[in-house]
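*Asks:* Put together the whole structure using the sequences plus the hints.
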Amino acid sequence: MSGYRLRTHHGQENRLTPSAQVAQATSPRPWAAGGARGEGGGGANASGSGTAEARRRASAAAETFENVYNLVREHYVDPLPSATRMSQGTVRGMIAALNDPNSYFLEPAEMRVFDAEADGRFAGVGAVTALRSVKKDGVTEHKIAVVAPLPGSPAEHAGLKPGDVITHVDGKWILGASPLLDYNRVLKQYQAEGASEEDLDKAAESARERIRAGLGLHKAVNLLRRGTGEKRVLTVEREGAAKPLRIELTTANTKVEPVTARTITVNGRSAAYVRVAALTQNAGDAFARALEGLPPADGGVVLDLRGNPGGSLEAAQAIDAYLSRGGPFLVETVAGGRRNTLGSPSSSRSDLPRVAVLVDRGTGSTAEALAASLADKQNAPLLGARTFGDGLVQTLYPLSDGSGFTLTTGRMSGPRGTAWDRVGLAPRVSLPAGLTEEAVVARALDALDVPTAARTAAGRPAR
Amino acid sequence: MRSLVKGFVGVSVITAGFFCGFNADVLKDAPRTPVRTTLYRLEAAPPTLLARLARPSTAHAAQVTLDPTETYLAVLNTVRGDFLNPAGAAAPDPTKLTYAGINGMLATLNDRYTEFWTPQEYRQNMEETSGVFAGIGAKLDETKDNRVMITEPLENSPAARKGVLAGDVVLAVNGKPTLGLTVDKVIELIKGEAGTTVRMTLERKGRKAPLSVAITRAYVQSPVVEWRMEDERNRIGYIYLEMFNEQADQQFAAALSKLEKQGMKGLIFDLRDNPGGLLNIAHEIASRFVPNGPVVWVKEKNGQMSSMNVVQRKHQGRLATGSYPIVVLVNGNSASASEIVSGAIRDHGVGTLVGTTTYGKGLVQTIIPLGDDSAVKITTQHYFTPKKQDINRKFDEKGRQIAGGIKPDVEVAITDRDLDRMQAARRSNPLDRKAMDQHDPQVQKALGLLRGKIALGAAPRTASIAAE
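These protein sequence lines are chains U and B, in that order. Per this note's numbering, residue 45 is the first one in the first sequence, and the count goes up by one each step. Per this note's numbering, residue 1111 is the first one in the second sequence, and the count goes up by one each step.
It should be emphasised that the hints constitute simulated quantities derived from the structure, not laboratory data. Check each hint, because a few of them may be wrong.
Unchecked claim - With a straight-line cut-off of 20 Å between C-alpha atoms, the simulated SDA-like cross-links for lysine to any residue are:
no.	chain 1	residue 1	chain 2	residue 2
1	B	Lys1286	U	Glu237
2	U	Lys275	U	Leu259
3	U	Lys187	B	Asn1195
4	B	Lys1409	U	Arg117
Computed from a predicted model, the values in this text were never measured in an experiment.
*Replies:* Printed below as a string of structure tokens:
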């Protein structure tokens, strides 16, 4: 998952977040303070979806659940699994029923992977992936797409690229869609006399084979995200490549330094060049420290979000607050169609730097949110290539036994409505690949020097 | 194999979820835990709930036990409040989420027989158990030339009252031609609610013009027993039992008495592909065969073993006195209640088992209806044969079966070639079951054994097994 937040509290999201919370949000364990504020994730919201009839049905259903649990406890002949295990099964079943590839249950071990990644410690192949749902012939298929390989990771060394779709791990087919779909299609033809019994047998055999040899979506993601020193072979579909690529690599730990910064001077103009490689939980703090450690630059800040797959929403928000006069950061459309604006209190800072943002196909999720906010609010020019296009927010809900689950809880758009989900953000200035940092910074400074009126006329990022 | 016999009108073919026990006592006194209503007020979930479920602030805090009901409620509230369906569909339905949660919880038991039934599944299962269905009351089968034929209008059924005959070929249902449709498809067309009418176009031998019959569907008692004098010359009777539903014992007794009136000298009792059914019915049917003592042993949750002994009022007549030899046919799909009956017959030495090793399900389930018309089926007992053999299948770590089932006294398998021949015989004349049995090596073996025993005189009874 490339964009997420830890469980936050809905009551707060309807207004701008006080700055204290921005700071708090970048602390490593924001949920520590969460419990005290927890007005109940569902409390306020569930009431919105409930007619009296719906509430009555929900209450009858809840009674059924408790009855089943008590009856099983009382009558099941053999020893039962622990209450915790049964609870985990409950959550797994409920979340799976949502049929959303980005909402899933996490075992305690999977939660620890999540925690490590939030701290910038990645294992496995070291690439951030996103699950994409594609509707084809009325059937939804899920795909694992690479948002970006992390700097210094096995994936980067092996040449994995943003936008690559991983179809097999170690030669095993990833079950992005039920293998029965093919069978059902043939069955329909057979029933309409359009296919022979032999065709049907063949389809059944192939479905069986795929189920036997295939990898579940989350099993595949786990293989990509876990392990060190293990050989993996990825089969990858790449746009423009005639046939699937075979990529071999050895898994390793990748420690991502979220922020690196230096001053770049070109043609007598200097810029603070800050690269944010991933939005780890501490990226906001690291960003502030890095920028404050640089001498003042007359040309402005060049924020490099290329290859940044996103991460913590709170970290993105903290960086946005630092580079702007605060105010709205993003608009999140949540359940029931309500729109929440997230942001920081507006300030009248006078020392606000000019900002240009570098983006590419590996800029995803909350990194896209940061780019869109700066473009919408500060009229910051985006330079590079069209971004990945992941606008969904997942919230991670930890449970007290160490397990947890994620839910898709919102769709992001910029403070002025710029949306990028599935379409990406178009850069104002397209840059060819392979330019040096100096050349890129020169182009960014040029873009910043275009008079404001002309910049506005040049338009905002595409929707 | 009996699975060749196609379905009945108004009968849904039994699915995998067979069960053995339906403990009426538990059913009646289904323990209904008083509902803590405050927990279910979804509009005002206790604010502490999520907070309590939230992870402690230190990463590696002591493991905390989760309570399934509290967890379920917290997740239900969270999902209903927070989930944004990316596909843009409506808010998740709480009932669907609840059932998914229950299924997820029960999946952790790793027992395929403990399962939750939605109201629809419960209704369907109860229909099967009661043996009463809405329909026209006729059995259908497919002929060699892919036409659908009525093989038997059931006694006193709407079909029989309208003069439908065995051998009639169904040409159309409600005007829709059946040409090219499978027998299952035709059955789908004929099925419907009681009180509604279906119009059938029939072709009858010896009549030029097709018949058109309007039949009002009604509740009919569906037969679970099929019987015939398999060997007229040697007076060997045959009774096939499809499942142990509420009608099974009564229908078995009726078939038995008809065969006895025809002077039966030997009996083939076919339990192949019988997935089981009600424990009390298995108890009753076994009591007809077994003279005294335990029919089956059951072990409760608390480890206590008790025997279910012969129901004496069922143990009477010629079957009880052992006046003719018995062969029971079993195969890998004879499960549960079938294994109780065949296990009792074998352990008491009152019959010979012929076929292949049975399925191996030594567990009893209890079905408990719930307030919203759903139900839960829970494994509540283990059972053992009268000689206390555990027949439940067991697996090694690699998932390979290492034990289980009842090994027949005489092992006879059915090959694919046998099956092809049986199928061909059946399709060439669906009305002539005996023609199919000619190619059934298990039936042939049974006939051979019984002819031998009849020639030598009736089999003696063995000693009884003591009850506790």
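*Asks:* Against each hint, give a clear statement of whether it holds in the structure.
*Replies:* Checked hints:
For the hint pairing B/Lys1286 with U/Glu237, the CA-to-CA distance comes to about 16 Å; that is within 20 Å, so the pair holds. At most 20 Å may separate the alpha-carbon atoms for a hinted pair to count; U/Lys275 and U/Leu259 meet this at roughly 17 Å. Between U/Lys187 and B/Asn1195 the alpha-carbon distance is near 18 Å, which keeps this suggested pair within the 20 Å criterion. Restraint check: the Cα-Cα separation between B/Lys1409 and U/Arg117 comes to about 17 Å, which is no more than 20 Å; the hinted pair holds.
Against the hints set out earlier in the document, no violation occurs for any number.
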